[in-house]
Amino acid sequence: MRAITIILFKDLAQRARDSTLFVFAIGLPLGMAFVLNLILGGGGNSFTAKYALVDADRGPIAQVFTEQVLVPLEKQGTLSLRRVATAEEAGRLTESQEVQAAFVLPAGFSAGVQAGAPATIQVVGSVDAPVAVQVAREIGEAFATDLRSVQLAVTVAGGATLTQEQREQIAERARTVAAPLSVRDDSNVATRELDTTTFYAAGMAMFFLFFSVVFSVTSLFDERRSGTLARLLAAPIPRSAILAGKLLSGVLVGIVSTAILVVASSLLMGARWGDPLGVGILIVAAVLAATGMMAAVATFARTSEQASNWQSVIAMILGMLGGVFFPVANLGSLATITFATPHGWFLRGLSDLAGGGSLSAILVPTLALLAFAVVGFAMALLRVGRMLQS
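Mind the numbering: the sequence shown is residues 1 to 390 in full-length UniProt numbering, read in order.
Do not take every clue at face value.
What the hints assert, rightly or not - In silico lysine to aspartate or glutamate, EDC-like type, Cα no more than 20 Å apart, as pairs: (1) Lys50 to Asp195; (2) Lys50 to Glu74; (3) Lys50 to Glu89; (4) Lys50 to Glu88; (5) Lys50 to Glu95; (6) Lys10 to Asp222; (7) Lys50 to Glu67; (8) Lys50 to Asp18; (9) Lys75 to Glu138; (10) Lys50 to Glu138; (11) Lys50 to Asp128.
What the hints assert, rightly or not - So the derived label-pair ranges between C-beta atoms look like this: (12) Arg58 to Phe325: 25 to 31 Å; (13) Leu359 to Pro60: 54 to 60 Å; (14) Glu98 to Ser312: 47 to 53 Å; (15) Leu268 to Leu382: 38 to 44 Å; (16) Gly31 to Arg2: 38 to 44 Å; (17) Ala378 to Ala340: 25 to 31 Å; (18) Gly270 to Val375: 34 to 40 Å; (19) Leu363 to Ala56: 56 to 62 Å; (20) Leu73 to Val364: 34 to 40 Å; (21) Arg83 to Phe325: 41 to 47 Å; (22) Gly270 to Pro60: 20 to 26 Å.
Just so you know, the hints here were simulated from the structure itself, not pulled from any lab data.
Beta carbons are placed, not taken as given, at the ideal position from N, Cα and C, and that holds for glycine.
Just need the whole structure built from these sequences, with the hints factored in.
Here is the structure:
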């Protein structure tokens, strides 16, 4: 134990004088998180579409679409609505990109719906705003589906025995009945996802963590080249103690640097990491995983340069697959690839905490991270003899 402590403090003293470590451990991840959030963050997760409305019908069904569908969405901030007189004017607005799409309610729209005849809500969209146009189409199609339901209810209720006036009365009653289901945005419900700022802060912290811990292992090659390692091997200490002291220095550096990143990103960027205890547990598990995996990779190398190159390649691949540069939740089945990396499990644990989960919510991500650590450390211990002798 005394040998491990001596090696640990010697390495920590050397690392404290290494400016490169501070760049990789603190400067780069914080700077990259800021840049990525600035470029790709898009100001958060809000969405407000700009729409125009042409109501050439002025009938009761058109009024329902305007007052009960579009206006509530406008009040929620989902869209901004601009009323115009003609379809031609709406077309000019979309072409000039003053609005992203336009709803056109043609004359006779309400009369056609009440008579059971086909009626159309036209959506004119800008080619430069595909998302907003698709949202407009979905709004129109959802309203059309409700109208078809009303028409079907009228048909089933009376069929051909009803007069036109009775049909219109039933349609009016069906239209005014409150929907049995409603969708609303509840700000009190926590979501299981990280906001943009926290996502990039956590992603870059995990990505550069793998570069920060490589120094603890590659220093063995430097000491072998300088002759220090030969004196350590000649001393009455087990070889595993030498590796343990080196790895422990990497673990401590990783924990301290990541903790600094958490505090700095919270104060400077407004990142919200979640429950401090849960975040601390995930950080320790992630640092152990990164140190173990990088140590295992280093044991296959013959020189410090070779080890650094291999570790950099592995760190880059794991970061890409782990989804630290962009959210992968919308990639469908491809998103499961992230769980083959420590990065994916670390971000998953933070997302569970962001969703208001307790410590039990991060049990699986923590165990997954520790599994990576166990495999990495076990492989490093098995191959440490070859590494020290080669």
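* To do: Given the hint of 20 to 26 Å, check if glycine 270 and proline 60 actually sit that far apart at their C-beta atoms.
  => Because 48 Å falls outside the window, the suggested range is violated.
* To do: Just tell me: holds or violated, for the beta carbon distance of arginine 58 and phenylalanine 325 against 25 to 31 Å?
  => 51 Å, violated
* Within a Cα-Cα threshold of 20 Å, do lysine 50 and aspartate 18 meet the stated pairing? -> 53 Å, violated
* Asked: Are the Cα atoms of lysine 50 and aspartate 195 separated by 20 Å or less?
  -> 24 Å, violated
* Proposed proximity, aspartate 128 with lysine 50 (alpha carbon, max 20 Å) -> Roughly 13 Å between the alpha carbons, so the hint for lysine 50 and aspartate 128 holds.
* To do: Assess, step by step, whether the Cα of lysine 50 is no farther than 20 Å from the Cα of glutamate 74, and give holds or violated.
  => 10 Å, holds
* **Restraint status (C-alpha distance of lysine 50 to glutamate 67 at most 20 Å)** => Judged against 20 Å, a Cα distance of about 17 Å means the pair holds.
* Does the hinted range 38 to 44 Å hold for leucine 268 and leucine 382 at CB? -> Roughly 43 Å apart at Cβ, these two residues keep to the hinted range, so it holds.
* With 25 to 31 Å as the target window, see if alanine 378 and alanine 340 comply at their CB atoms. => 18 Å, violated
* How does the Cβ-Cβ distance of leucine 359 and proline 60 compare with 54 to 60 Å: does it lie in that range? -> 56 Å, holds
* Using the beta carbons of arginine 83 and phenylalanine 325, state whether their distance is inside 41 to 47 Å or not. => Holds - the Cβ-Cβ distance for arginine 83 and phenylalanine 325, about 42 Å, lies within 41 to 47 Å.
* **Cβ distance range 38 to 44 Å for glycine 31 and arginine 2, holds or violated** => 40 Å, holds
Comparing the model with each earlier hint shows violations of hints 1, 8, 12, 17, 22; every other hint is respected.
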